[in-house]
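Student: One-letter residues, chain by chain:
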Amino acid sequence: MDSTFVEKILAKYSDLSEVIPGQIVTVHPDHLVTHDNTAAIIQKIKPELKQYGIYSKSFPIISLDHVIPATSEKTAENHKLIREFVKTYNIKNFFDVGIGICHQLVMEKGLALPGKLILGSDSHTCSYGAIGAFSSGIDRTEATSLMLIGKTWLKVPNSIKMNLSGKLKSRVYAKDVILHIIGDITASDANYCSVEFHGDISQFSVDNRFTIANMGVEMGAKNSVFFVDEITKKYLNSIGISESSYDSIKPDKNASYIKELDYDLSDIVPVIAAPHSVDNVKPVSELSGLEIQQCFIGTCTNGRFSDLKCAADILKGKKINKNVRLLILPASRDILKKALNAGIINTLIDAGGILLPPGCGPCLGAHQGVLAPGERCLSTANRNFKGRMGCKDAEIYLASPATVAASALYGKITDPREVIN
Amino acid sequence: MRVWRYGDNIDTDMLFPGKYVYTCSILDEIIPHLLEDLDSTFSKTVREGDIILAGKNFGCGSSREQPVIGLKAVGIKAIIAESFARIFYRSAINQGLLLIECPEAVKSYFIRDEIEFNVDSGKIKIGGKSFSFPTPPSEIIAIRDAGGLLAYTRKKLKNK
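Keeping their order, the protein sequence lines are chains A and B. Each residue of the first sequence is one higher than the last, beginning at 54 in my numbering. Each residue of the second sequence is one higher than the last, beginning at -10 in my numbering.
Hints listed in this document are in silico derivations from the structure and should not be mistaken for laboratory results. Warning: the hint list may mix true and false statements.
[To be verified] Below, a list of computed lysine-lysine pairs in the BS3-like style, where the Cα atoms sit at most 25 Å apart:
id : chain 1 : residue 1 : chain 2 : residue 2
1  : B       : Lys66     : B       : Lys33
2  : B       : Lys118    : B       : Lys145
3  : B       : Lys96     : A       : Lys204
4  : B       : Lys147    : A       : Lys439
5  : B       : Lys33     : A       : Lys99
6  : A       : Lys162    : A       : Lys335
7  : A       : Lys303    : A       : Lys372
8  : B       : Lys145    : A       : Lys110
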């Protein structure tokens, strides 16, 4: 029987010859990703940790990224507790404050590979589908259980096939593609499904695929995935991983899908997700002129070198509008260094940007750019829920780095195609 | 029993704002902020045995355990929705919070309708009308019967 990507990988990890949608299987993931919430996870199982230890020291990947550097005694204490845990159990993959966002690091450090299965107590764990891994989010309690026994259950999901054809127009980016798709399919219509991207994907770099896979959860997907091609191989090679060290799983030709959707990429224009849901998607031109007080370029969705470069290309030699604050947040230390060496950080600071340390920053509303009532933020993040950036009476709009940079110049929402370099 | 009615796409920021996630971990800290940005009356007036009735995609967004733990602790008997987001759904299994997915039942509800259900048979009665909902597979019943995922894992470790 022909199988989809998720059917193949879940069969492989449950030692079965084949599986079907709806079937419950037991899997041993390759890794468990946790972040600041590791503190809450280990506090649930203090006696068990003492008695049984952890499943394996190379199993967890822990990064301090959500509220860094600590903002209060409580968050500082949590970080301390995590550092002690890492030391006690000799955990191999630990990234302390300032190294980067967990999802970026999992990709950068080659911890996610094609054909691997990774779970994490963060909803954007689905990002690693960018290079052909199966990855999905779980909650803290399940992460706790995994930390002890290294296995859990998964339901084999149905699969959705997205056929992407045609070439993207100038100043239209991966972010516009995924927002356009979510606007079409809605925030719930891929619930529990595995979303596969097919078609003319050679125009998307691994960075671009990361942006798209990252937002799979915003349409409800369990995982989203691109299949290994020359671009994936070249990227993995650049971080020192040879083709012989991974398993390129691809769906069979006659695999069955519950839905197939076709998108002509040449039809897509710059778009924005307006408050307060990610599927409330409109062309930038429809919101053009709306005043904004904060612009934010960063996060696990759009905090990579290519995103910062795209913004710098638009802002080079210019100043942002005086009524706007522009927050810049590289997704990792390596990205920050690369952007520094390329002069990109200088350009962004000269334009009026404020540099934040690599981490999640203002995305989750705990610090570093909380909004006031009545304010609007245009952000490259992945969520615009009410209250997301710390204030329920503020508004969050989501767009590509180019749209955010162009809008920062004028202090109002601006179509990036109208800005001349 | 009272019924709290909400619409589609009730996200995790509405259920428990992100700004409290890394500072509130015990029940006394969690409960006052439950549904804070969605319904400011909820945490003050919710009572043991109340039911939440919602539309599509309840619990979408982050991996956020506080709302699940909090709703269970204040005595929410069940959340009946047209559909649930998957991380929230798994989290509810892990904590033993009852979720019932039944779009027809949600759509047929009128204010002050009586709600009765039987989890084992997968039957729900709303305002005199009966509907069926899928019952969980045996793997999930085993987690529920153990008293949640951690209790289930502890049992497994002991029997190892």
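Student: Any hints from earlier that this structure breaks? Give me their numbers in increasing order, please.
Tutor: 2, 3, 4, 5, 6, 7
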